[in-house]
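J.: Protein sequences appear in the order of chains A, B and C.
Numbering follows this note's numbering, with no gaps: position 350 of the first sequence is 350.
Numbering follows this note's numbering, with no gaps: position 331 of the second sequence is 331.
Numbering follows this note's numbering, with no gaps: position 311 of the third sequence is 311.
For the record, the hints were derived by calculation from the structure and aren't laboratory data.
All values derive from a computational prediction rather than experimental measurement.
Every residue, glycine too, gets a C-beta built ideally from N, C-alpha and C.
Don't take every hint at face value.
As the list claims (entries may be wrong) - Restricting the straight-line Cα-Cα distance to at most 16 Å, the calculated cross-link-like pairs of lysine to aspartate or glutamate (EDC-like) are:
no. : chain 1 : residue 1 : chain 2 : residue 2
1   : A       : Lys405    : C       : Glu287
2   : C       : Lys140    : C       : Glu72
3   : B       : Lys405    : A       : Glu287
4   : C       : Lys354    : B       : Asp301
5   : B       : Lys354    : A       : Asp301
What the hints assert, rightly or not - Rough simulated footprint, nothing fancy, chain C against chain A, three-plus residues with beta-carbon under 8 Å:
no. : stretch
6   : 169-181
7   : 352-360
To be verified - Covered by chain B, per the in silico footprint, the following chain C stretches (three or more residues, Cβ under 8 Å):
no. : stretch
8   : 44-58
9   : 129-137
10  : 326-333
11  : 351-357
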Amino acid sequence: MADNPIGLQIYNLAKRLFPICRSLTGDGVRESLKIMQQVMPNLNIFEVPTGSAAFDWTVPKEWQIRDAFIREVDGGNLLSFKENNLHVVGYSAPFDKVLSKEELIKMICTLPEKPSLIPYVTSYYEERSGFCMAYNDILKLDKPLYHAVIDSALKDGFLTYAELLIPGESEKEIFFSSNICHPSLANNELSGPTLTLALAKYVETLTNRRFSYRFVFIPETLGSLVYLSRNLEKMKRDIAAGFVVCCVGDEGGFSYLPSRSGCTLADRAAKNILSALDSYKSYSYLERGSDERQYCATGIDLPICSIMRSKYGEYPEYHTSADNMDFITPKALEESYKIYCSAIDALEHNATYKSTALGEPQLARRGLYPTLSYAGSAASVRDMMNLLAYADGLLDLIGISGIIKLPMNELIPLALKLEREGLLVRV
Amino acid sequence: MADNPIGLQIYNLAKRLFPICRSLTGDGVRESLKIMQQVMPNLNIFEVPTGSAAFDWTVPKEWQIRDAFIREVDGGNLLSFKENNLHVVGYSAPFDKVLSKEELIKMICTLPEKPSLIPYVTSYYEERSGFCMAYNDILKLDKPLYHAVIDSALKDGFLTYAELLIPGESEKEIFFSSNICHPSLANNELSGPTLTLALAKYVETLTNRRFSYRFVFIPETLGSLVYLSRNLEKMKRDIAAGFVVCCVGDEGGFSYLPSRSGCTLADRAAKNILSALDSYKSYSYLERGSDERQYCATGIDLPICSIMRSKYGEYPEYHTSADNMDFITPKALEESYKIYCSAIDALEHNATYKSTALGEPQLARRGLYPTLSYAGSAASVRDMMNLLAYADGLLDLIGISGIIKLPMNELIPLALKLEREGLLVRV
Amino acid sequence: MADNPIGLQIYNLAKRLFPICRSLTGDGVRESLKIMQQVMPNLNIFEVPTGSAAFDWTVPKEWQIRDAFIREVDGGNLLSFKENNLHVVGYSAPFDKVLSKEELIKMICTLPEKPSLIPYVTSYYEERSGFCMAYNDILKLDKPLYHAVIDSALKDGFLTYAELLIPGESEKEIFFSSNICHPSLANNELSGPTLTLALAKYVETLTNRRFSYRFVFIPETLGSLVYLSRNLEKMKRDIAAGFVVCCVGDEGGFSYLPSRSGCTLADRAAKNILSALDSYKSYSYLERGSDERQYCATGIDLPICSIMRSKYGEYPEYHTSADNMDFITPKALEESYKIYCSAIDALEHNATYKSTALGEPQLARRGLYPTLSYAGSAASVRDMMNLLAYADGLLDLIGISGIIKLPMNELIPLALKLEREGLLVRV
């Protein structure tokens, strides 16, 4: 079997989705979600009409983009949407003109400080037509006239998103949200929805799921606002913990971005799992930038945080053509997948236990304690004794894990063993 | 216009008051308050008779001092009250005797470790007659006999203090207290009452004052006890925040002395304003030494703290003849004035806001958000987004300022703008 | 008088008890407690029959040990219980066999990493017969056959413990627990019960005791479980603070092991007293190892912690023949005794006071404040002023001691003086 088999599956799905031009709305989103539906047939796709209200916002016109290019008036293409869909400013209005070089340059966004990279730019809420190019390439323009064409349309249509529910014993939910609105960008964002889909497959393998699991695939900001405006009451009632999954494919170290309060069950699970690593970077909510902006807004206040690798905005490839399929790896995706699976396991098995004995129980007669006592003989059962000492009916396992400094994946089997022995009961 | 125009006004008033011999009681206090009344005609002067009770204390006899000197029996003055009023121990009883050199020396306080400076000494609560001299000068005494005279009187009279109220929309008050009981000492204390008077003038310029402002000018310790004993009920009901203003004229760095609890509105405003400086020194309440001793005593518990420059007791010139008009500067007074004005502004505009939108509001359509989105484009509106994110109806602006690390003078205009846009409401 | 007179008394009692072979049960415990009864005739000895339940545990058969040896078949003793009772694994079943060298070695516990020391080993809860030897000595075995004898018995009998109550004004108790189940081991454990007995003598000298004092001498783990199972209701109602006294005889620095919560009155007293030392080591409850395991178990939750010198398990001599009478000293015992006496004094005099004056009281007229006021003149009364400032009817003296950084032994006399002056009242 290959190294990182699940990472490779995630990577290959991302590779298949990579060329599609997703945006806030449009056929690119639809096509992407349909490919994901092939992996998880229960994925439900929703269409929300232009003009629909979402709190303070309104769903705009749908954007369709067929082609775009800049061409020398008598020559070949200088730049083509079909080569790289980042070349068109997202939501560009239709355009077809012959322009002077100077006029053309005014329409083009570049990154002079990263001269070989094409920036990713959008203009959802003001009608514009624009191109994006590498700064080096703009320097090579030497003709007086160019023909610039954007073969796009902005008309009444729909905002498209998808949702997948995997029910468990309880209506209480673990919630995952990931974005599907970026064109050919790999870490931010295709690593997010593809890894989230793999998590859904993992959840399906869990028997006796305590929680229900909900996975939503939405365009950033407006998508989460649309979703929230349609589901807020149920979300506030049922979401026990949730995660915004993005930037999980590069080989940078792990990072954590808290919910606004920073101490929800999701935060506690995330910090518990990450603290078993050698290190991870902990951001402040002031450094937020994805859909936790909506999920954790005042009055919404959902228990949702993020576990990432290199955070959006913090790596040089972010929102450029360098955030491509070479920037993410099966190995990194597999590691991120495992971290999220650990968080799921921690949440599934987190429970508040109470020791049934007054004082320490007599473990030796149960074969759980060394019968020969000498200096250091109790070390082997120290973790078990610590679990019993803190199982006070108030602390949950995540809390005990932090106090006794034992990772959840080692603590959970101990708790289950002591529960079977009748020495711990759930409260 | 001169640099530091307000600092210069404060300095000049202090210079005019400097030669007057103030004490716990007496005409020096009366004369000083009358000069201050010329600046603020609404200043009310109160006279509290000898024998009046103030909690555990009693107003003592009033002290009048006309002159004092030490003179060689057949020669000129060695030392004269008229040259420097620090030469007489405060509250000295009348004295007129020819003394041997040894007898004289027993009456004289010096500072051997600061041999060129005259100490400031008082004996309010035990009747004494005494002189203060530079240690170097006592070494020069070479005659067998000296004539020592203190032309003073201790008789039934009054303790004098003054009060100024500038009403606002609310009966809730911001309270300022400063001492007027030290003779020719500049930083501790004339910088205090003169700067406080300038704050009163500043408050008069504020239109739509939310708070009322009260300024009291009292002798230290007994004055605050007298004032408290007459006004405690109202003070406990109405004082929202208060400051003991002293040691604000030297060029040392800023310092903060908390109230006993350390977390009142006054403390929060002081720490907020000071934390915008490069640095400031934070003392403990254990290092208190002025009227916060009374204002924050158990059972009184007012929300009162101090913002100072070099704190009393912490600078070598403290309570010596070197704490003179050269030790304080218009520049330092102006800086201190501005810090206190900032605290006033922070208190006036502090409010608890709630975001009116669920999720983030759509700012782009209000012209408040960049419409072209690229890596880093949201940085310019980050502070506004942070304010919206934390305006939860629980945190006040001072609290939000601390969390989002934005000084109140930048946060207040943002809050007012969003309030005008209907995106924030006061709760 | 000798240096360390009380330390010497403690040391001499430990020396007398040292040769006796104590264990979980048996005549060694009885004999030790009877010797201790000679010191404190009110010590009550209790016998709990084999088979008695103690929560999840059962009192096992009583162990009697008369002799044990290993001998060359035709030669002299290699090892004898009478030389050092550590040579026999505690609770060894009777044994009398001629064994091959190889068979014999399987019965012997050694410490290869400390080759000259005999380990201390027990097997209370599984029937075994075994010996303990220095590893160096096992290397010298060169005969093919040995005769190994353990002249012991395991039969129905009793678990023995003792208790001493010194009543005070209140039924509220300060509780001390120390172990009497180790054979010839000095720091862990004889320093514990012998010092505890000296504390009982100290408590007897206290007139007007506010608290009652209870001292229990029990075998570790099972003894505390037996004691708890018989007294839990009263203990939960009446114990105000308690200490597990062990490892108090060596010259290592002081250390503190908290109760599970870490903030009980016992913890506060212990930390207060220890913080007056230059330094002390603070352990976590995760490093517990003595009867706090039972006293602080969930559902029992007594306010009990430990003040020790070198903690069990943390010094190389622990549970070996090197933890002998040379390892503990009268000097160290006297120091530990004084620390515990200070904790007792702190608890006895701890009270919640309220200042009777509004504002600061006028101390000068009571002769409590310097009447000549100059820079620094109030320093001499700073502690008294701080006590008055924090006597708010909420903080107790231990709390105030921590805030104003004044040790309890200096704070208590100040509080009593101000109480006599009518300036403080107890609430």
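J.: Determine for every hint whether it applies to the structure shown.
T.: Going down the list of hints, with the structure as the test:
Between the alpha carbons of lysine 405 (chain A) and glutamate 287 (chain C) the distance comes to roughly 12 Å, so the proposed pair stays at or under 16 Å and holds. Pair hint lysine 140 (chain C) plus glutamate 72 (chain C) holds up; C-alpha atoms about 12 Å apart against a cutoff of 16 Å. Proximity of lysine 405 (chain B) to glutamate 287 (chain A) is assessed by CA-CA distance (about 12 Å); at most 16 Å being required, the pair is judged to hold. At roughly 14 Å between alpha-carbon atoms, lysine 354 (chain C) and aspartate 301 (chain B) fall within 16 Å of each other, so this suggested pair holds.
With a C-alpha separation of about 14 Å, the suggested pair lysine 354 (chain B) and aspartate 301 (chain A) falls inside the 16 Å cut-off, and the hint holds. A stretch counts as covered by a chain when three or more of its residues have a beta carbon under 8 Å from one of that chain; for the stretch 169-181 of chain A and chain C the count is 0, and the coverage is violated. Here the stretch 352-360 of chain A counts 6 residues with a CB under 8 Å from a CB of chain C, which clears the bar of 3, and the coverage holds. Counting residues of the stretch 44-58 of chain C whose CB lies closer than 8 Å to any CB of chain B gives 0, so the stated coverage by that chain is violated, three being the minimum.
Counting residues of the stretch 129-137 of chain C whose beta-carbon sits less than 8 Å from any beta-carbon of chain B gives 0, not enough to reach three: the coverage restraint is violated. Coverage of the stretch 326-333 of chain C by chain B is violated. Counting CB-CB distances below 8 Å, 0 residues qualify, and the rule asks for three or more. Counting residues of the stretch 351-357 of chain C whose CB falls under 8 Å from any CB of chain B gives 3; the rule of at least 3 is met.
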